[in-house]
Each structure stands twice: as C-alpha cells, then as structure tokens.
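Q: Using the sequences and the hints given, assemble the complete structure.
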Amino acid sequence: MDRRDFFKTAIAGSAATICGAGAVQARPNLEPATEAIGMLYDSTLCVGCKACVAKCKEVNDRPPSNADLDNPWDNALDLSSETFNVIKVYKDGNGETKDAIKDGFAFEKRSCMHCVDPGCVSACPTTSMRRDNRTGIVTHHPDSCIGCRNCMVACPYNVPQFEYNNVFGNINKCEMCNQPGVERINNGQMTGCAEACPTGATLFGTRKALLAEAKKRMELKPGDYYEYPRGDVSKPDSVHEKEVPKYLNHIWGEKEAGGTNVMHISSIPFDKLGMPPLAERSASSISETVQHSLYSYLALPAIALAGLSFMVKRNTDRDDEEGTS
Amino acid sequence: MSTYKPTGQRVITLSFLFLAIIFLIGAYFGVQRFFVGGMGAVSNLNGGFSWGIWVVYDVVIGTALACGGYALAMTIYIMNRGRYHPLMRPAILTSLLGYALGGFGAFFDMGKFWQFYEIFLPWNWNFNSVMLEVGLCVATYIIILIIEFSPVFLERIGAKGLLKILNKVLFVVIALGILLPTMHQSSLGSLLIGMGHKVDPLWQTWHFQPLLAIISALIMGFSIVVFETSLTSVGLKQPSEAPLLAGIGRIIMWLLVGFVVIRLVILAYQSKLGLILTSGTSSLVFIIEMALFIIPIILLAMAKTRNSPGQLLIAAVCMLFAGAAYRFDAFLITYNPGPGYTYFPSAPEIMITLGIIALEIMAFLFLIKKLPVLHDTKHA
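Line by line, the protein sequences give chains S and E.
Taking this note's numbering, the leading residue of the first sequence gets 1, the next gets one more, and so forth.
Taking this note's numbering, the leading residue of the second sequence gets 1, the next gets one more, and so forth.
Any given hint could turn out to be false.
Derived, one-sided and incomplete: chain E residues facing chain S with beta-carbon distance under 10 Å [as the list claims (entries may be wrong)]:
1) Phe-35
2) Val-36
3) Met-39
4) Leu-45
5) Gly-48
6) Ala-100
7) Leu-121
8) Asn-124
9) Asn-128
10) Glu-133
11) Ile-178
Computed far set for chain S versus chain E, every beta-carbon distance over 10 Å [claimed, not checked]:
12) Pro-63
13) Asp-68
14) Ser-128
15) Glu-227
16) Val-244
17) Tyr-247
18) Ala-283
In silico BS3-like cross-links for lysine-lysine, where the CA-CA straight-line distance does not exceed 25 Å [what the hints assert, rightly or not]:
19) Lys-313/S <-> Lys-168/E
20) Lys-235/S <-> Lys-216/S
21) Lys-272/S <-> Lys-91/S
22) Lys-98/S <-> Lys-272/S
23) Lys-160/E <-> Lys-313/S
24) Lys-246/S <-> Lys-88/S
25) Lys-164/E <-> Lys-313/S
26) Lys-216/S <-> Lys-242/S
27) Lys-370/E <-> Lys-160/E
Bear in mind the hints are in silico, worked out from the structure with no lab data behind them.
Don't be surprised by glycine CBs; every beta carbon is placed ideally from N, CA and C.
A: Set out below in structure tokens:
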C-alpha cells in the first residue's frame, strides 16, 4: 500500500467513524426516579446544633472524629469515611448577623446529595455505585468495589470517602439510612438527620413534595410569618411559626448537573457556602455520550481491527517478498 | 533472520546498584502500604485528591511513555515504513515494561487490591464507565505486548516450531497492538470528562478529551523512541541510529503542530481563549506547557537540528516533558476539588513511584544485555 492508498483508507475510515458517532444520540441528563425521596435543607432554619451529625453517627455506627482525651466528643470538620453528614459554617467580618453576607454567618449541611444523574454511578467500573430505580437513593456495594476511587473524583461534592488509614479500607457514604442492616426508609421511617433536626432545617419527603415546599418558601414575603414543618414534609411531627427570612431565589439541586434529591435553600449565595460551579448538563451525560459513540456494541473497534489486520498483513507480506523483515 | 543481538555486557554495574537501592527504599514503603498502615500511612491522598502521583504518574503518564511500541507499530505496519524495523524490539520491550509497571502502580493505588479481579467479572461490568474501558483494555494490551515480545525469548531458546506458528497469526496481534492503545490512551483523556468542573476550564475540553489524549500519547510514544535510542547509543556505546531518528523527528513535528493547533481551535470554539491570560496560576501553567510543545516544533523544523543526535535528544526531552505536563496539569496541578483540599505527594509516596521506575530501568538493562533486543547494525 503506498502513501496515497493509506490516506484514502484513513479518510474513509475517519468518515465512517464520524458518521457512526453522529448516528448515536447524545445521552441527555437522567430523569428523577419514579418515587424519588430526598431531603430539603433550609440553611436559614439551621441553628448549628449538630444533632443531625450525632444522630447520623449513631445510625451509621461511626466513631467520633478528631476526638482526644481533652475533647472526647465528635469534632468532625468535613465529610470523611467516619462522617457522612456534617454542618459547616460560613463567616464574614465580625460574623454577628445570621444569614447576612457581610459581617454575618450561616450554616451549611454537607452530605450525599443523591444526584438524579450521579457521577459516581456513571464512573464506577464494577457497578458498585447504583441508583435505586424507585427511591433514587445512590447506594454503594462494597462486595464488587476494587477501590479505584473514580467515584470520588467523579463526585462534584466529594461525597464518597475512602478509609485510607485501614489496609483493608472501604468506600463510605450516606445511603439515606437505607443500607442493609439499617433500612429505615424501607421500614417507613425517615432519615436519621431529618428525624433529629429540632427546627425542621432538614426535612424529609419525596423529591416532588420537597421541591413544591421549597418553591412555596421562595414566594413568601420576608417579614411575614410561616408555619415551618419538622420531620416529614407530607406528615410533619409538628410545626413552628417563624418570621420568613429573605431567601435567595435559588433552589440548589433543582437543576444543577441534572438535579439532586437532597436540595438546599439559603439566604447566602451557594458559591459562598462552598457549593461547586455546576452547569445544568451533568458531566456523566457528556462522558457517556462520548463512550457510547465510540464503543457501542464494540462496532467501531471491530471495524478498525479488521481494517488494521488487513493493512498489517499486506505490508508484512510485501516486506517478506522484498526480504526486508 | 536474527539481526538482533544481546549486548553481552556486565549486568551488575554501579548505576545498576544505585537503581537497586532506590528500588529497595520503595519496596520498604510498599510493605508499609500493604501490610502495616494502608495508603494513609505512606501517601498524602485525601478526600478531595483521591488520585495522586500513583495514578497520574504511574498510570496516566507512565503508560503514555510506554507508547513507543504503539507509535512505531503504526509507522512500520500501517504507514509501511519498514526501515524503522530496527527500532521495534527495544520499543516493544519498553512498552511491555512500562505497561506492566503501570499495572503494578494501579494495583498499588487500588484501595481494595485484594478484590482487584472483580473488574474482570463480566456481571460486574458497567458499560457507561470510562474506567472499565481503561482497565480491561490495558490488561488485554499487556498480554498482547507479551506475545509481541515473545519471539525474543523463542529465538533465544531456539523454539523454531512455535516461532513459525506465531508468525502466521502475528498480523492480528500487531493489529490489536495498534487498536488497543488507541482505545485506552484516548479513554485516559475521557476520564477527565467525568471529573467535570474539578478540571480547570483550560484543560476541560469535554468531548475533545479523547482526541487530545491520543495525539499526546503518540507524541510521547515517538519521543520515547528517540530518547531511548539516542541514550542507549550514547550510554552503552552502541552504534547510532541517527538517520532513522531524523525521519521520526519529522513525524513528531507534525503531531506537535496538530496538537497545538487543535488545542487552540478547541479553546476558541468553546470561547475560552481569554482564560489563557486571566486564570492566574493556571494561566502560567498553561503557558509553560504550551511552550514545551512549541519549542521542539522549532527545533525539529530545522534540518540541522533534526540530524544532530545531541539536539534531537534535547527536543525529545522537551516533548516528553510537554506530554507529561499536559496530563499532570489536567489531573493534578490545576485540578481543584473545592475548598479545604490540597495535595502534594509525601516522601514515601514519591519513593514508591521512584522505586517502580528504578525497577523498570533495571529490567530493561538486564534484558537488552541478555536477550536479542537491540539491532545489530553490522548485519543491517
């Protein structure tokens, strides 16, 4: 095969590749699960008591973090393999006014957001991260996990955490208190953190009901009074009346990277609360579009292998004839 | 047919002993990692930086440095440049060693190494996962490289029958040896897509990640051939292959031009050209990286430099750094998992990587001295 032949074949091959890729449809963001459950965290209601953090450790049987003899209690500063839920604080200037951007403070909850289109599920080579078809809960299955930690880098929120200090460590994350052995959701209970929250800052419910509640709060007039529910949004344990703060008109998790089942509302812009800069299209939808364009049914690799084998055979045969192996 | 000969030189030399010491230090920390304290005891990996130098250097860059066999196979068997054949065996050997040790590095980094085989069980496979493609494809390619290198052993032990059978099917093996690296080297770039916003916008080119990754892999593959060939002829006083290398230099030059142009066109298409100047540290990193790509273009464009072994070696080093920088910058240096996380490799972590590299060089030196790997120019 001379150079011209080579380029002809190469161009034909590339054209076939491009047409093939074009025929595969772009994979859009996933839709929420049919009966997706989630949580709504209202930062303006949170008083930073960390009852949810303690309850989470109790339900998930996790040890206290950063504790020593002088401070023998939990001092978790961020998510870790020991801490699936943590309350962080925003502070500016003298930090005197709650929910003020300037000279103020605010709380922010960090736990698995249970993405509608989870990056960890898309990235995991061994299907050890799964999204439950019915509840939308993102679960982890350690039996098939190889510990490559692609779930960690593919999570926009750094949620899955590996036990680095254990030779035989595991990946750990919040599974909405529904992992085998706990199964609070299957037993008709709510998540531990929502149950423990004294102010209703963490509400439990279906994604639909929580989104409706969040939208309702966006419509309220600051200064009016509103009866805030505690526990489960559709059958609250109790309610308490409180003055409506000035909400930021943004429900985090309604649309971010395909949306999340755990949503946040606040008075402080979310980038200041440490939320990542996310577009509406999920990274996993782009990644899977590229992968499936190239590898669906291994069709392109098979065609390429046939073409390459043919060319190698022709070129080696000719070399042999010329005696220049 | 054997125009290849073992060099027959002494194996135990001063530099070999030096490498052995580095390897032993790495091995000591390896024991700590697997038997005493886990990854946390020897590395600075954390919740935000879950991939450090073991993944980014040993696997992502290490396998690209091992693309010499791939790049040459493409030139010889597809573009039909039979005259490069003398360079093939040492290139296959370094590819085999590079990939085998890349696999070893991956095992070191594997959090649940005792159940690594789970990725080979078909009922576990997630076909949406880029990592699945990388894992399976790299594993298969290591087997292909072993088959490609096996004639060297078979010649040595004189297994003529086996050689004959192997030669009949070798064309499929060679074709796979071109297809598989094309697949997983591009997928190493696709890993960045799923990392989303954590990858700096100057490196997050989304759909174009696999294209840039494969071009950079070819650049590094050809550069390592030039680098090793020049180095073995200087260091081990082997006859020079300079005329052959000048031809490869021309191929690399066009790959470099392609990479730089495509990269800038993508940035323009994604309206990110302005970020080259306005991204603070990332801008500086980007400009240094681009300079590493552009300097060798200038060197290679001049026939005088291209034909001088010394200058060619400088260009090769520049290109190796360029390709490595592209991957390092995207995966680690400008990688930003969010507030509260920083990473710099710990000394034991670095020693483990250096130990792996030392082992690779020791194996290469041993094998070219004992097996018919290098081209015997007197017979050519």
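Q: Each of the hints needs a verdict: does it hold here or not?
A: The hints, checked one at a time:
1. A cut of 10 Å between beta carbons decides the hint on Phe-35/E: the least distance to chain S is about 7 Å, and the hint holds.
2. The criterion of a C-beta within 10 Å of any C-beta in chain S is met by Val-36/E, whose closest approach is roughly 7 Å, and the hint holds.
3. Taken as an interface hint, Met-39/E checks out: its beta carbon lies about 5 Å from the nearest beta carbon of chain S, inside 10 Å.
4. With its C-beta approaching chain S no nearer than about 6 Å, Leu-45/E sits inside the 10 Å limit, and its interface hint holds.
5. With 10 Å as the threshold, the beta carbon of Gly-48/E comes within range of chain S, its nearest partner Cβ sitting at about 5 Å, so the hint holds.
6. The criterion of a C-beta within 10 Å of any C-beta in chain S is not met by Ala-100/E, whose closest approach is roughly 18 Å, and the hint is violated.
7. For Leu-121/E, the shortest C-beta to C-beta distance to chain S is roughly 8 Å, which falls under 10 Å, so the interface hint holds.
8. Residue-level restraint check for Asn-124/E holds (minimum Cβ-Cβ distance to chain S is 4 Å; threshold 10 Å).
9. Annotation: interface hint on Asn-128/E holds; nearest CB of chain S at approximately 5 Å, less than 10 Å.
10. Against a cut-off of 10 Å between C-beta atoms, the interface hint on Glu-133/E holds, since the closest Cβ of chain S lies about 7 Å away.
11. Interface hint status for Ile-178/E: upheld, as the beta-carbon distance to the closest one in chain S is roughly 5 Å, under 10 Å.
12. Chain E leaves Pro-63/S outside its interface by the beta-carbon criterion, the shortest separation being 15 Å against a cut-off of 10 Å.
13. For Asp-68/S, the shortest C-beta to C-beta distance to chain E comes to about 18 Å, beyond the 10 Å cut-off, and the non-interface label holds.
14. With a closest Cβ-Cβ approach of about 8 Å to chain E, Ser-128/S is found to fall inside the 10 Å limit, against its non-interface label.
15. Look at Glu-227/S: its CB is around 35 Å from the nearest CB on chain E, clear of 10 Å, so calling it non-interface holds up.
16. At roughly 30 Å from the closest C-beta of chain E, the C-beta of Val-244/S stays outside 10 Å, upholding its exclusion from the interface.
17. Every beta carbon of chain E lies more than 10 Å from that of Tyr-247/S, the smallest distance being close to 23 Å; the non-interface claim holds.
18. Separation of Ala-283/S from chain E is inadequate, the least Cβ-Cβ distance of about 3 Å not exceeding the 10 Å criterion.
19. About 10 Å separates the Cα atoms of Lys-313/S and Lys-168/E, which keeps this hinted pair within 25 Å; it holds.
20. Between Lys-235/S and Lys-216/S, the direct Cα distance comes to roughly 17 Å. Compliance with the 25 Å bound is thereby established for this hinted pair.
21. A distance of roughly 9 Å separates the Cα atoms of Lys-272/S and Lys-91/S; the hinted pair therefore holds under the 25 Å criterion.
22. Of the supplied pair hints, the one linking Lys-98/S and Lys-272/S holds, its CA atoms being roughly 14 Å apart against a limit of 25 Å.
23. A C-alpha spacing of about 21 Å is found between Lys-160/E and Lys-313/S, which places the hinted pair at or below 25 Å, so the restraint holds.
24. Between the alpha carbons of Lys-246/S and Lys-88/S the distance comes to roughly 21 Å, so the proposed pair stays at or under 25 Å and holds.
25. Restraint check for Lys-164/E and Lys-313/S: the C-alpha separation of about 15 Å stays at or below 25 Å, so the hint holds.
26. Distance restraint check for Lys-216/S and Lys-242/S: the Cα-Cα separation of roughly 15 Å lies within the 25 Å cut-off, and the hinted pair is therefore satisfied.
27. With a CA separation close to 19 Å, the supplied pair Lys-370/E and Lys-160/E stays within the 25 Å bound.
This entry does not satisfy hints 6, 14 and 18, going by the numbered hints stated previously.
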